[in-house]
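Participant: My request is simple: use the sequences and hints to build the entire structure.
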Amino acid sequence: MSEQNIPVTRGPRGPRKPRKTSKWTYVLVVLMFLFVCFSYYAYQIVYTPNVENKGEPVYVLIPNGATYEQAMDSIDAKKVVIDRLSLRFMAKLMDYPELVKPGRYELKDGLTNYKLIAKLRSGDQDPVKLTYTNVRLKKDLAQKLSTFINSSPAEIDSLLNSPSYTRQLGFDTTTILTMFIPNTYEMYWTTSAPDMMKRMKKEYDNFWTEERKAKAEDVGLSPKEVSILASIVQAEQSVHADERPRIAGVYLNRLKRNMALQADPTVVYATGDFTIRRVLNQHLRVNSPYNTYLNKGLPPGPINLPAISSINAVLNPEQHEYLYFCAKEDFSGYHAFAVTEAEHRRNAQRFHAAMNQRNIMR
289 MSEQNIPVTR GPRGPRKPRK TSKWTYVLVV LMFLFVCFSY YAYQIVYTPN
339 VENKGEPVYV LIPNGATYEQ AMDSIDAKKV VIDRLSLRFM AKLMDYPELV
389 KPGRYELKDG LTNYKLIAKL RSGDQDPVKL TYTNVRLKKD LAQKLSTFIN
439 SSPAEIDSLL NSPSYTRQLG FDTTTILTMF IPNTYEMYWT TSAPDMMKRM
489 KKEYDNFWTE ERKAKAEDVG LSPKEVSILA SIVQAEQSVH ADERPRIAGV
539 YLNRLKRNMA LQADPTVVYA TGDFTIRRVL NQHLRVNSPY NTYLNKGLPP
589 GPINLPAISS INAVLNPEQH EYLYFCAKED FSGYHAFAVT EAEHRRNAQR
639 FHAAMNQRNI MR
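In this note's numbering, the protein residues as written are 289 to 650.
A portion of the hints provided could be inaccurate.
Capping the alpha-carbon separation at 16 Å, the derived lysine to aspartate or glutamate pairs in EDC-like fashion look like this [what the hints assert, rightly or not]:
| # | residue 1 | residue 2 |
| --- | --- | --- |
| 1 | 396 | 414 |
| 2 | 427 | 445 |
| 3 | 426 | 412 |
| 4 | 389 | 412 |
| 5 | 616 | 631 |
| 6 | 490 | 474 |
| 7 | 367 | 397 |
| 8 | 544 | 491 |
| 9 | 407 | 386 |
| 10 | 396 | 443 |
| 11 | 501 | 491 |
| 12 | 489 | 460 |
| 13 | 366 | 397 |
| 14 | 417 | 445 |
| 15 | 366 | 344 |
| 16 | 367 | 340 |
| 17 | 544 | 631 |
| 18 | 342 | 428 |
| 19 | 544 | 609 |
| 20 | 389 | 361 |
| 21 | 427 | 443 |
| 22 | 486 | 445 |
| 23 | 489 | 506 |
| 24 | 432 | 445 |
| 25 | 486 | 428 |
| 26 | 616 | 491 |
| 27 | 396 | 445 |
| 28 | 366 | 394 |
| 29 | 380 | 361 |
| 30 | 584 | 505 |
| 31 | 486 | 460 |
| 32 | 367 | 344 |
| 33 | 407 | 443 |
| 34 | 389 | 357 |
| 35 | 396 | 344 |
| 36 | 403 | 443 |
| 37 | 584 | 552 |
| 38 | 426 | 460 |
Hints listed in this document are in silico derivations from the structure and should not be mistaken for laboratory results.
Facilitator: Pasting the structure below:
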């Protein structure tokens with residue numbers, strides 16, 4: 289065997305030395321950990337519900353010209369946001385500080401930061417349901433309307449009392465209240481006072497259909513006069529709407545005969561004292577165009593805002609010969625009707641005796 293063919297043997301290998309972990313591996317692990325944490329936090333900020341409101345609906349009002357801080361402070365004041373810091377973070381991330389829009393926004397239970405800020409920055413406000421009932425005076429209506437729109441009572445009242453403005457709408461300062469048909473109307477809180485008035489005029493025009501106008505003509509009244517008479521009918525019967533057509537029939541009968549209406553509610557309105565429960569002779573002498581004991585025909589304007597049911601009662605009166613009515617002595621809220629004055633006096637005597645018995649003197 290030649291030297292070239294002799295196998296060379298090697299001794300056993302020693303233990304391998306462990307490789308050193310690269311510092312970049314540590315950096316990568318840390319970065320991955322931070323990424324996971326950031327992703328989780330970002331998910332929480334964006335998608336986790338951040339509004340907790342279990343009770344009544346909560347709304348935030350952001351007026352014209354409000355700054356970002358003012359808007360966020362208004363939201364904070366409602367105390368329904370769970371994590372205010374995350375909401376502000378999302379707001380700045382979505383450029384809300386530069387996109388603040390006025391409006392009335394509902395803070396619904398379960399809203400996420402993203403959905404809330406998206407709603408605010410887009411101006412997707414929630415409408416108000418505007419209603420007005422139990423109103424006698426223009427100042428009362430102005431006060432009530434100001435709770436639904438971003439206008440002051442003084443601003444609304446000035447429009448109601450402006451001869452030139454009411455004339456543009458087809459009314460005057462005494463009949464302007466007939467333009468307001470009590471109902472529920474949706475509009476935005478940011479609606480201006482003039483725009484609200486235009487909307488009410490549009491609703492008035494929609495209400496007075498050709499059919500209703502024809503019925504008004506049948507009873508010999510204009511739409512405004514129908515509302516004025518309806519306000520008296522409603523003041524006489526505020527409890528039992530089913531009796532209103534009969535009361536309307538009485539007043540229409542008196543108008544046809546050129547008789548004074550002698551409606552007690554108009555006297556109360558003329559005095560301005562709405563606590564009066566018993567109309568006395570001294571009240572009947574109040575010098576006012578609204579006193580239908582002293583003045584024949586309808587008063588110059590309504591004494592309240594009559595409900596649609598009262599307007600319909602005048603448009604669809606009960607046909608009868610009654611000329612008088614008086615509250616029943618049982619205080620049921622219904623009335624005793626009479627054709628003759630003698631019969632009416634007997635009914636009135638019974639009612640006055642019942643009032644005396646209950647010690648109702650004014």
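Participant: Now, for every hint given, state plainly whether the structure supports it.
Facilitator: Results for each hint:
With a CA separation close to 11 Å, the supplied pair residue 396 and residue 414 stays within the 16 Å bound. A hinted pair counts as satisfied when its Cα atoms are at most 16 Å apart, and residue 427 with residue 445 qualifies at roughly 6 Å. Between the alpha carbons of residue 426 and residue 412 the distance comes to roughly 32 Å, so the proposed pair goes past 16 Å and is violated. Our distance criterion of 16 Å between C-alpha atoms is met by residue 389 and residue 412, whose separation comes to about 9 Å.
With a C-alpha separation of about 13 Å, the suggested pair residue 616 and residue 631 falls inside the 16 Å cut-off, and the hint holds. Between residue 490 and residue 474 the alpha-carbon distance is near 13 Å, which keeps this suggested pair within the 16 Å criterion. Proximity of residue 367 to residue 397 is assessed by CA-CA distance (about 12 Å); at most 16 Å being required, the pair is judged to hold. A distance of roughly 31 Å separates the Cα atoms of residue 544 and residue 491; the hinted pair therefore is violated under the 16 Å criterion.
For a cut-off of 16 Å, the pair hint linking residue 407 to residue 386 stands: about 14 Å separates their Cα positions. Under the criterion of a C-alpha separation no larger than 16 Å, the hint pairing residue 396 with residue 443 is inconsistent with the structure, at around 32 Å. With a C-alpha separation of about 15 Å, the suggested pair residue 501 and residue 491 falls inside the 16 Å cut-off, and the hint holds. Between residue 489 and residue 460, the direct Cα distance comes to roughly 13 Å. Compliance with the 16 Å bound is thereby established for this hinted pair.
Between residue 366 and residue 397 the alpha-carbon distance is near 12 Å, which keeps this suggested pair within the 16 Å criterion. With a C-alpha separation of about 20 Å, the suggested pairing of residue 417 with residue 445 is violated against the 16 Å cut-off. Annotation: proposed proximity of residue 366 to residue 344 holds, straight-line Cα distance about 12 Å (limit 16 Å). As the CA atoms of residue 367 and residue 340 are separated by approximately 9 Å, the hinted pair is consistent with the 16 Å bound.
Among the hinted pairs, residue 544 with residue 631 is inconsistent with the structure: their alpha-carbon atoms are about 21 Å apart, more than 16 Å. A C-alpha spacing of about 34 Å is found between residue 342 and residue 428, which places the hinted pair above 16 Å, so the restraint is violated. The straight-line distance between the Cα atoms of residue 544 and residue 609 is roughly 12 Å, inside the 16 Å bound, and the hint therefore holds. Restraint check: the Cα-Cα separation between residue 389 and residue 361 comes to about 15 Å, which is no more than 16 Å; the hinted pair holds.
For the hint linking residue 427 to residue 443, the alpha-carbon distance of about 11 Å falls within 16 Å, and the restraint holds. Restraint check for residue 486 and residue 445: satisfied, since their Cα atoms lie roughly 15 Å apart, inside the 16 Å limit. About 24 Å separates the Cα atoms of residue 489 and residue 506, which puts this hinted pair outside 16 Å; it is violated. Between residue 432 and residue 445 the CA atoms are separated by roughly 11 Å; this keeps the pair inside 16 Å, and the hint holds.
Note on residue 486 and residue 428: the hinted pairing is violated, with a Cα-Cα distance of about 19 Å set against a maximum of 16 Å. Of the supplied pair hints, the one linking residue 616 and residue 491 is violated, its CA atoms being roughly 38 Å apart against a limit of 16 Å. For a cut-off of 16 Å, the pair hint linking residue 396 to residue 445 is broken: about 34 Å separates their Cα positions. A threshold of 16 Å between alpha carbons decides the hint, and for residue 366 with residue 394 the separation of about 11 Å falls inside it, so the pair holds.
For the hint pairing residue 380 with residue 361, the CA-to-CA distance comes to about 15 Å; that is within 16 Å, so the pair holds. Between residue 584 and residue 505 the CA atoms are separated by roughly 20 Å; this puts the pair beyond 16 Å, and the hint is violated. Among the hinted pairs, residue 486 with residue 460 is consistent with the structure: their alpha-carbon atoms are about 15 Å apart, no more than 16 Å. Proposed proximity of residue 367 and residue 344 is supported: the alpha carbons are some 13 Å apart, at most 16 Å.
Straight-line distance between C-alpha atoms of residue 407 and residue 443 comes to about 30 Å, which puts the hinted pair past the 16 Å bound. At roughly 13 Å between alpha-carbon atoms, residue 389 and residue 357 fall within 16 Å of each other, so this suggested pair holds. Using a Cα cut-off of 16 Å, the hinted pair residue 396 and residue 344 holds, with the two alpha carbons roughly 10 Å apart. Restraint check for residue 403 and residue 443: the C-alpha separation of about 35 Å exceeds 16 Å, so the hint is violated.
For the given pair, residue 584 sits about 14 Å from residue 552 by alpha-carbon distance, which is consistent with the 16 Å threshold. The hinted pair formed by residue 426 and residue 460 meets the criterion: a straight-line CA distance of about 13 Å does not exceed 16 Å.
Of the hints listed earlier, those the structure fails to meet are numbers 3, 8, 10, 14, 17, 18, 23, 25, 26, 27, 30, 33 and 36, in rising order.
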